[in-house]
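K.L.:
Now for the letters of each chain:
2 protein chains.
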Amino acid sequence: MPRWNTVAIVGVGLIGGSIGLALRARGLAGRVIGVGRNAESLRKALEAKAVSETTLHGDEAFRAADLIVYATPVDHIARAISQSANDFAPAALVTDAGSTKAEMVRQLEKLLPPDVRFIGSHPLAGGEKAGVEHASSDLFEGRVSIVTPTERTTEVVTREACEFWELLGSRAVTMDPEEHDEAVAAISHLPHLVASAIAASTPEERLGLAAGGWRDTTRIAAGDAELWTQILLANRANVLKSLERFEKTVSEFKAAIENRDSAALKRLLAEAKRIRDAVGS
Amino acid sequence: MPRWNTVAIVGVGLIGGSIGLALRARGLAGRVIGVGRNAESLRKALEAKAVSETTLHGDEAFRAADLIVYATPVDHIARAISQSANDFAPAALVTDAGSTKAEMVRQLEKLLPPDVRFIGSHPLAGGEKAGVEHASSDLFEGRVSIVTPTERTTEVVTREACEFWELLGSRAVTMDPEEHDEAVAAISHLPHLVASAIAASTPEERLGLAAGGWRDTTRIAAGDAELWTQILLANRANVLKSLERFEKTVSEFKAAIENRDSAALKRLLAEAKRIRDAVGS
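Residue numbers (the numbering used here), protein chains in the order written: chain A, 1 to 281; chain B, 1 to 281.
Just so you know, these hints were derived from the structure itself, not from any lab. Note that the structure is predicted; figures quoted are calculated from it, not measured. Note that beta-carbon positions come from the ideal geometry of N, C-alpha and C, so glycine has one too. Treat the hints with care, since some could be wrong.
[As the list claims (entries may be wrong)] Pairs of lysine-lysine, DSBU-like flavour, derived with a Cα cap of 35 Å:
id, chain 1, residue 1, chain 2, residue 2
1, A, K49, B, K266
2, B, K266, B, K241
3, A, K248, B, K266
4, A, K110, B, K248
5, A, K241, B, K129
6, A, K44, B, K266
7, A, K248, B, K110
8, B, K110, A, K266
9, A, K254, B, K49
10, A, K241, B, K110
11, B, K254, A, K254
12, A, K129, B, K254
13, B, K129, A, K254
14, B, K129, A, K248
15, B, K241, A, K254
16, B, K241, A, K129
17, B, K254, A, K241
18, B, K49, A, K129
19, B, K266, A, K254
20, A, K266, B, K248
21, B, K49, A, K266
22, A, K266, B, K254
23, A, K129, B, K129
24, A, K241, B, K248
25, A, K241, B, K266
26, B, K129, A, K266
[Unchecked claim] The following residues of chain B were derived to be distant from chain A, with all beta-carbon distances above 10 Å:
id, residue
27, G30
28, K49
29, S136
30, T174
[Stated by the list, open to error] Calculated from the model, a selection of chain B residues having no Cβ within reach of chain A, i.e. all distances over 10 Å:
id, residue
31, R3
32, E40
33, E53
This is chain A alone, in the form it adopts within the complex (with noise of 0.2 Å):
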């Protein structure tokens, strides 16, 4: 017996396609219905098989299902959990893969009724290529997902929620909404603007000599504009935050190099090598 007699994914480009891939894959749902408001994207993620059937009308399926997951971009999450509310089954759980947690979170615990099984959650995952034809039942293996609970969520909610992502393969960490945006501003929206920064100031009569260095650095860059700016956006001060601690560093880096003081650039060179192989390839 499949461990969800029925999900409901909302949204199904590469996130929500992966989830449906991984359940289908694994065996651990009977019914993936796919929820849209884009047919032509619904017909895709069922060409792909990520999703067993489609729906641009989300009601039924939402009174049917025991999981329901949102992958849609998170500045709509809020709203679309809110307004659909009262079309969950009592025991369904609700949550969504949104890059931000903080203030969606505390925006529906305050919309939702408190019968309302909602947790949020956050994927590191993804890839440069957006949609469903990306999609991939091993997105998640491998990887790190973030549960964020606050005081308000029960135990067998957060219990059920990282047995979800740990059930697609991933590593399910806890840590309240507010630790997880700083801890991603800091691990994964930092870079992608520096990456993004590195790429547009490269002179482009320059770009044929591009090796493995440049390419490895500004490989996130080629990430979706419009999903990103939303990203940086929602995770605003905390983004300016690790901003403003990277442009120290960097200006260290630079009195180094204008004060030709090798030693001094030597430490940093090595304490970035340090922070660097303690992670691995």
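Given chain A, put chain B in place with the hints provided.
P.N.:
Structure of chain B alone, referenced to chain A:
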């Protein structure tokens, strides 16, 4: 018959060792003599079959060689070449693999007897791991090697150096030493500095969440700190110029985020994506 009877490689680390392995794998050289000051490094190069023989004293090797390649740290090359110039066979091509060119090449133009057939080179290849134990015969395949003739270089010398790097599997491009240094500051040295600054400014308690984006963006920060101290200082003026351009772009991102200007932010991200997409994976 191999293309070169005797090749002397001065410095048999990652780059020198890979040159030796590539020459031997492709049957391009009769003898490949590793020249160095450290007996242990030479022993390792011999063991790795990167060279067919080794010596601590270059003089005899230089007299025998029809191709001499310096792959030592960039700040040693000019002095080492000028000190051995009298030993080079008149027909020998002498080149190097140093990461910066202008200072070294211009210095050698003053120091070398006019009959020495020297030309600067820089293969855009490498890796985070130093040492002959990480050398590989295909290190240059599909890469770009820059050859830096000056107004005093003959065409036949330029052609021979280009032929050398192409026979190792890379694509040779020529530019003058000053243009080289400006280009690599933008495409290689700045990304290294920035990758290091991201790594060094990441709070260590967040490293457990590092996913593909952080890993890609900081990968080159694992490079050798001593080597990169030399490179960044040797190309100081160009690195600072690239850094200024980068900082200007970062401050545009910062302003867009501070002002919640999603149109400006999206424009910046889209421009970065356009440039990154032009290069490919």
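K.L.:
Hint by hint, which ones does this structure get wrong, listed from lowest number up?
P.N.:
4, 7, 9, 10 and 18
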